[in-house]
Amino acid sequence: MQSASLFAFLPAALKMPQVLARWTFRMPVAMRVAILLAGVCPLGWTADPNPDANEFLDLSIDQLVQVEVPEVYGASKRLQKATEAPSSVTVVTAREIKLLGYRSLGDVLSGVRGMYITKNRYYEFLGVRGFSRPGDYNSRVLVLIDGARTNEGVYGGTFMDGAFPLDMDLIDRIEIIRGPGSSLYGTSAFFAVINVISKKAAQLSGVQLSAGAGSYATYQGRTTFGADNDTVDLVFSGSALESNGPSNVRFEEIASDASRNGGVVNNHFALRWQNLFVSLTHGDFRLEYAGSARQNEYGTGIFGTVFNVANEIYDSLELVNLQFDHKLDAESNLFARLGHNHYNYWTLDQYDYPPVTANQDRAKYDAVSLELLYSTVWRKRHKLTFGGEYIDHYRANMGNYDIEPYFQYLDVRRSFKTWALYAQDEWTALDRLTINLGARFDDIDAAQSALNPRLGLIYPATDASTFKLLYGSAFRAPNAWERFYESTALHKASTNLRSEKIRTSELVVEHRFMPQLFGIASVYQYRIKDLITQITDPNDGLIVFTNAGGAKSVGMDLELQGKWEHLEGKLSHSYQESRNSTGATLSNSPRNLIKLSLIAPLWTERLTIGGDIQHVSRRLNESSDGSQEVVAAYTIANATLHYDGSPKGLDISLGVKNLLNERYGDPTSIDDMADISSIPRDGRTYWLNLSLRF
Amino acid sequence: MNSSSRFWPALLLTLWSSWAEAQSAEDKLKAAFIYNFAKFITWPATVFDSRPAITVCVLGTSPITQAIAGMQGRSAQGKPIKILNLPQNTATPSCDITFIPKGERVDISAILATSRNTTALTISDVPGFATSGGMIELASEDKRVAFDVNLQELERGGLRVSPQLLKVARTVQVAKR
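Chains as they are written, first to last, in this note's numbering: chain S, 20 to 713; chain W, 1293 to 1469.
The shape of chain W in the complex, shown without the other chains (with noise of 0.2 angstroms):
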């Protein structure tokens, strides 16, 4: 045997010592969007009255669910943020946020429909969510990621938008009068 294959045992022995949880870059990125999103939208003025969170719901299992759950422990709107993990086609209406993961293979019109009767916010990175009736979509811009945002669908939800995050936003769809 050469001495080389030692090695192989080694890495086996690194990586089971250090089971812990990670994300990738861009994952952690996205989660940091939604949770300035949770920050700097104004929900309407009832909403977390009665409520002892500010719930985010994420479909599925794809892997920026992790770097979502870290979220969980701060807070905004003044509650401690708590996180939903739902299955692929479902969003109940105690979600005040619900992100439709790219990749899963979800009826985003479906979940639409449903959360249109709430003042949930809805966010995904699928490719043409804002223009297809969700509010926040992120997107990759070169290297970067960038969000653009429906006005329309989100003051039909009742939901402002702080003028911090429209400066920064990618596109802004002017709300039909």
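If we strip away everything but chain S, and leave its shape as in the complex, we get (with noise of 0.2 angstroms):
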């Protein structure tokens, strides 16, 4: 595999002068970025010799006992070291967000081993282990906030824009545990969980200003309060973004179609979000609320839609949650969270019937959750949880209709009830190897249920490294959407759909080489069953959902972490292969990801350089008319330039994306126009931030 050249480079390493200039010709101009990359960071040195980094050393002692050191929660609803968790892990902190630029969800997981953002300028969507079906709504990942699920009851899904409810200034870190984590967390953990963490008041203290301006007219504002004190926690900040959006975005493989505009969507995709954060924290108790608007245009034509005009969508996510986290004795903890998950979705369509008519196209969920955990160590050996949740989906409505004249196709108001049971034993079998065994019951509308179980085997087989071998299924139920849609002589509700079924196993071995490098190895294979698919029923002519078709895939992630004094960084490469049950290759599956991201201070520790590369290869696309084609690799760079003006002053940060503007696209599905193979992503943008601290 593609391992292999890192061999064949040793020799050629002896030739380095002729090589690298070989390299400079021959290499994608992306990859000069790194080479640059690496040529400014021993400047940075050479003009800051003072070897002593460790930013601890000036903190008094009662500083020092707040430091918080990484860990992880999410792998087993509980803290623990990465290396000790059962799945394999990448932490992205608060620090790299800001350095290396990130200003999304999405760009955030771009950037993580092994994921990759596809964007169809109407939602974005995040890839998996080769994994992006068209019309997934992010629901075969889930994403928690503090340990609370985002994913909404209608169609599963949640957001990598401005509709995910936290500002990226407000995360502390982000846990992304790869693999099934139904053992633990239900339905839509299928391929990862991702637990975004929120900043708490000791980290936010005062108040911050921060406004930014950027490419296509694009402003952005927060204005973040933070207070604590011996009682109470509080922190509250709300921030918004307007932007016009790019005004000519152009599809060349319909350039000639005079009716579309020459394949020209002139300026409809203009976007505004705002969220708002609240967190209350008192003794054991913690009141938390998170919510966020997003509206944007799109000119697309996806679904039917007129071709370059500005249809809208709107989506709103809220999530209140009330946690109540008690330490029973040393070693027992109790847990209960009750919450309430609010979703709210509409669009405003136009469709040429004709004549030209607007459509509305809307959904609403909302649910009461109870969640209790109990935690504690039996036998000194056996770490236990136990853990119970009840979900009211109290209401899951769908409607779809024109607006003038009035015509309802649409109207479902369904709910739906879940429960669940799960247990998970940490087992410290001998005195490395750690046996971690868990499984979750789940019932939904006490018709279907699911079993789901989870082994893995942690062996750190010397100080240095660790092998973890894992195996685990996980679910995905059908949804509100894919069960009840129902429509006027179109669509009918879809009765005895199963849900989709995912068995992955997986060895991860990492390994510590020196203090500074850590590398992770991981080889996977899964087998996915019961896809739910779309199809049109032939006694009636009606669509409906059956679980139809799965998927197999073997891959294979290697990274190579690094945190030297003046640099930090991480390079990985993914490779897999996966097919569907009739063995061809997935759509919007790329073979290869390979990322580099790179942090170094510039001559001040204040002041430091951060960019990342990302390579995704070629992906096929899925046309509604059945035909696939080749959408082209990509390798795009972004650079941002920080200046540290804490702990209090101001923050000053430029950022390019897409620094060599490389033009590229990603894979259409068969919800876009038949005739085209891609959607356009931006060209390079610039973006520069203020953020000031007091």
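Wrong hints could be hidden among the right ones.
Said to hold, decoys possible - Only pairs whose alpha carbons sit at most 25 angstroms apart, straight line, appear in this in silico DMTMM-like list of lysine to aspartate or glutamate:
1) Lys1371(W) / Asp81(S)
2) Lys1459(W) / Asp252(S)
3) Lys667(S) / Asp81(S)
4) Lys1459(W) / Asp348(S)
5) Lys96(S) / Asp411(S)
6) Lys1459(W) / Asp247(S)
7) Lys1394(W) / Asp1440(W)
8) Lys1459(W) / Asp77(S)
9) Lys218(S) / Glu1433(W)
10) Lys1331(W) / Asp77(S)
If you're looking for bench data, these hints aren't it; they were derived computationally from the structure.
From the two separate chains plus the hints, produce the assembled complex.
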């Protein structure tokens, strides 16, 4: 596989100058940035010979006891070191988000090993392990905010863009836990669980004002207030963004079609979003609100809408959670969460029936949930966790109607209930071997059930190496859309729909080569069955969902993480081959993903340059007429200069996305116009941000 | 050959051109604790009169030695800090602070027995260190690093802890009279 080239390189290194000269000509332009960055770093060292970069040395003892060391919560629903988690885990910290200039959850995940984002200028979709299915509204990844589910219950989806409720500046860290997570989390934890953890009041104390401006007349602002004293921690923060969006997006494949404006969408990608976050902690209690609303225009002709007009889409998520986290004794803990989730969606679309008619598609979802979790240690060697969850999805409504003349196609008002019980044992079986055993039973509407086990063997063979052998299964329950969508003379509700299932086996090796250099290698295979697919029933001609087909995948991830005094970085290569049940390669499934990110100080510790390079190999699209075309590979580079004015003062950040102005696009799905194969992504864009703390 | 394979050479190039020293956050944090102990613990009055430096000894070769080396060049007790990296099972009388990193295969009781006749401050992040005769134990508590102080042992060595430290120490064992 690709790693072979690593060894092939070694002899070549002896002839470094010639090799370097040849590469600079042969390699893709984005590659030259890597070399450039590598060249910049030594420059920084000569200018800043200060060997003492331990930022903690100047802290007082009172401050030191407050500093937090990175750990993972989401993998086992308790805090543990990433190397002890029964998964291959990546943690992205606030520092990386800031210094690499990530401005959305999608930005962050694009830079993570084995993940890729597809944008159709309508939504953003996360691909994991070669799987990113058209019409999948991120329903096979579970995204949590502080442990609480963000995926709504109508489409099962969540958001990677401005509709994600937590501002990037309020994130303390993002835990990316790969592999099936249903043994703890139930539905949606199919390929990965992503737990986004908010900053606490102590990290945000005082007032922060932030303002930014960038390409496409984009403006963003944020106000944050944080206060903590002995009894109460409070965070209050609001953000908003407005953007005109790109003014001329070109679809070259239909450039000759005058009826579609020569394939150009002129000015119909305006975007705005707002979000609000409030958290209040008092003793064992924590109350948290996270809400967002995003509205954007799209003129791409998706779903058969009119091309090059300002169709609109609105999505809003609001989560309220009351948590009680109580330490019973040194080893036992009781956790309870009462939550409410609200989701609201509508579109305002132009369809040419003819005549051109405005149509609205809507969905509304509300749920109340209760989760209880008890953890304890039994006979010193067993860390036990028992939990239960009950969710009353009391509103799952969908509607669709023409506005003028009014005609209603669809008015579905349903509700459903789920409950689950789970248990987990982290058993220190031998001195070094830990066995992680868990299972969860889910019941949906007393009609469907799922039992999902997980087995992990975690063996730190030496002080430097850990081996993890993992097996698990997960499911995705059919959502309200798939079960209940029923329209006049076109769709019928789907009865007897089963859950999608996945079984994954994985071997992970983590090795510390030296204090500064950490490597992860993982080999996995998964098998999916009962994929939920839309078909036309030959008996009555109605569109219905059914369980049809599956997928098989084999893949490998390699990652190196280095952290030196004046340079930190991550480099990863993911290779995978995924096929459907007929043996054909899946659409939107890149074989190779390569990511490189580097952060280095320039002259002083306060001024840093951060940059990343992302390579996504070629992918197939999927057209509604059944044809498939190849969408070209791409490599993009992003860079951010950041000046840190902490603890009080001005932070300045200047970022460039798609530095080398690579022209690239993402594969279309069956929802898009059949005669285009890709949706263009943005060229080079700039972003300047000022953030003041006082 | 796939175009993507050209990234690997770039990686090596980057790594090779950037060999420098750095440490994990947890190690740096622990080093900062040790530095604070060096500053806020009072040794018997005459100890440093005859010494040119305050010597911090680190046993073994665990990664934390690098983080502790970052203290070199700073000062405490009015003297420059000197870092001494010692083999696993040795602790010499010239150590003012002896740090025993966890993960080292050392005989803690033997080292403590050697140190007991000196004025050395013993610190370790081995679990149970403070209750088994060590002076200060650095412990991971949730995401943070906390420390336990064994006042009885400190008193035996003639060391006094500042009220600032005691205020944030996690558990303090009261010296028996």
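Are any of the numbered hints broken by this structure? If so, which, sorted upward? Hints that this structure does not satisfy do not exist here, as all of them hold.
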